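Undergrad: This is what each chain is made of:
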Amino acid sequence: MSDELELLKKDWQKKEVNLPKLSYGEIHTMLWKKSSSIVKWIMIISIIEFLLPHLLYFLPQARNQMAIYDSVGLRFWIIGLTIIQYAVVAYFIFEFYKRYKEISVLDSAKNLMDKIIKTRKTVKSYVIFSLSLIFITMASFAFGIHLTSDLTPLTEAFEYEEFKKMEPEKLKKLLIGVYLAMAIIMPLIIGAIYFLLYGLLLRKLKKNHKELKRLEI
Amino acid sequence: MNKELEHQFVTDLETNQNIVHKVCTLYTNDRDSHNDLFQEITIQLWKAYPKFRGESKFSTWMYRVALNTAITLYRKSKRSIKTQDYESVIFKIKANEYDATEEEQLKLMYKAVKQLGDIDKALVFLYLEDKNYSEISETLGITEVNARVKMNRIKNKLRTILNP
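Protein chains in written order, with my numbering: chain W, 1 to 217; chain B, 1 to 164.
Next comes chain B alone, as it looks inside the complex:
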């Protein structure tokens, strides 16, 4: 690979690194794992970069590679915090947080999103990043209808948390 391509890639990634950081924040629980996943995504992006010919925006292209790495290719799963049973999380929150202010509500929602399964997280992530359902379904390889159905289910889950 030539120097120019290398420079172009690092510059592109440096500008758009937020996307990768956000994926890492969602899928890992500590700084070490965050950096580890960031590195793996960087390697995957770099390996695929020669195939990126600017048909889409660099950032659009990054979403797919970053999520694929986090969901499928990345070997280590988050070990530091044991994923609790979803219902038990809801229950715990119900018990301590009765009158939630906006900030607390947000905190609860973030906590709830972090507890979702890998696929659900990917859906929420793309949704929060303002992607439309056609993009979401293409990235994950499911139909648009199924993406909507799934997203509604996740919304319901989150609603249960916020309105006990």
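Here chain W stands alone, though its shape is the one from the complex:
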């Protein structure tokens, strides 16, 4: 067999003549093309993940949020959660940047894969944290409505005429139902999109990483 592989080796080295040949100019233009490596994609997706919850505040509906929170006595609870949220986000951005910086194409294949997976894990923890926070916010809101006897300030804050016309008890049940449903559905949908995105992006890497790991046993 080694003879046959030697034969292949010899032929392989002869094959060089048939390879394409790029000119200086052609290579030079390539330097300024955009990379489409998975590391770059992880970076882009992560930035979107960090920014997205903050962009939502610019929606008119969301700007009214404080008045809505006030009306069910959740002001300090929400402020507390927001402070925790920013502290954790700051921590994650720091961790992410540190790990991202460690990724080097000059590493061995295994180390490179390890580091990409570690960076991705940081983002994954961040997403799980954010989704839990959405759940807690929505669920505590449903709970707050449940404890509030007078819903007038809440209906004022919502600016929906239909709410004012509804029977208070019915409205209360409806709002609790809507918030509980959102508490579950929102994290599920965002989570599904996120895991699908990363699943597709890292499929090849994971396969090769597994292959290298298998060699170690």
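No lab work stands behind these hints: they were computed from the structure. Accuracy of the hints is not assured; some may be wrong.
Here are the simulated PhoX-like pairs of lysine-lysine, each with C-alpha atoms no more than 20 Å apart in a straight line [claimed, not checked]:
(1) W/K21 / B/K22
(2) W/K9 / B/K22
(3) W/K210 / B/K121
(4) W/K14 / B/K107
(5) W/K15 / B/K22
(6) B/K121 / W/K206
(7) B/K157 / B/K114
(8) B/K51 / W/K98
(9) B/K131 / W/K10
(10) B/K121 / B/K107
(11) B/K107 / W/K204
Covered stretches of chain B, as calculated for chain W (at least 3 residues, CB under 8 Å) [unchecked claim]:
(12) 8–17
(13) 58–72
Bear in mind that the values here come from a model prediction, so they are computed numbers and not experimental data. We put the CB at the ideal spot given by N, CA and C, even for glycine.
Place chain B on chain W using the hints.
TA: Relative to the frame of chain W, chain B by itself:
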């Protein structure tokens, strides 16, 4: 980045472009993907170039970056030819090619190598490029013993193809 560095890099790459072309040939199946991967490797090499300070030969350094890009960083996987189950490939070859001449044998071997997984391909590639096991193990991040074991397994696979 200054002009001089840029010029140095393009000249270095132009001289050694065969290495990158060979990696692209192994990991892609059509001209478009070949060029696409070549470009991505070029970008990665250029980004890493300031860190290359001539401790090793430019070509040695290129192997690592090129393979890392092909195995790990490059996003698009070869779609044009669906990777068939390895056994079925062996079987098909067994059926049509009974008495193989040297040239046909080579053709079969190339075909078989192209069907290997990404990691196996990297091993065979480095082997064909006359790299020793210490270099192979360093590039992939596995131990030398494991590199040898793996290479023997690949040789066995190839042997099955050529001697049915």
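Undergrad: Give a verdict on every hint.
TA: Checked hints:
1. W/K21 / B/K22: holds, 11 Å
2. W/K9 / B/K22: holds, 13 Å
3. W/K210 / B/K121: The hint holds at about 15 Å.
4. W/K14 / B/K107: holds, 14 Å
5. W/K15 / B/K22: Holds, because 9 Å separates the two Cα atoms, which is no more than 20 Å.
6. B/K121 / W/K206: Holds, at about 16 Å.
7. B/K157 / B/K114: holds, 13 Å
8. B/K51 / W/K98: holds, 19 Å
9. B/K131 / W/K10: Distance ~14 Å between B/K131 and W/K10 Cα, so the pair holds.
10. B/K121 / B/K107: Holds, because 16 Å separates the two Cα atoms, which is no more than 20 Å.
11. B/K107 / W/K204: violated, 27 Å
12. 8–17: holds (count 6)
13. 58–72: holds (count 8)
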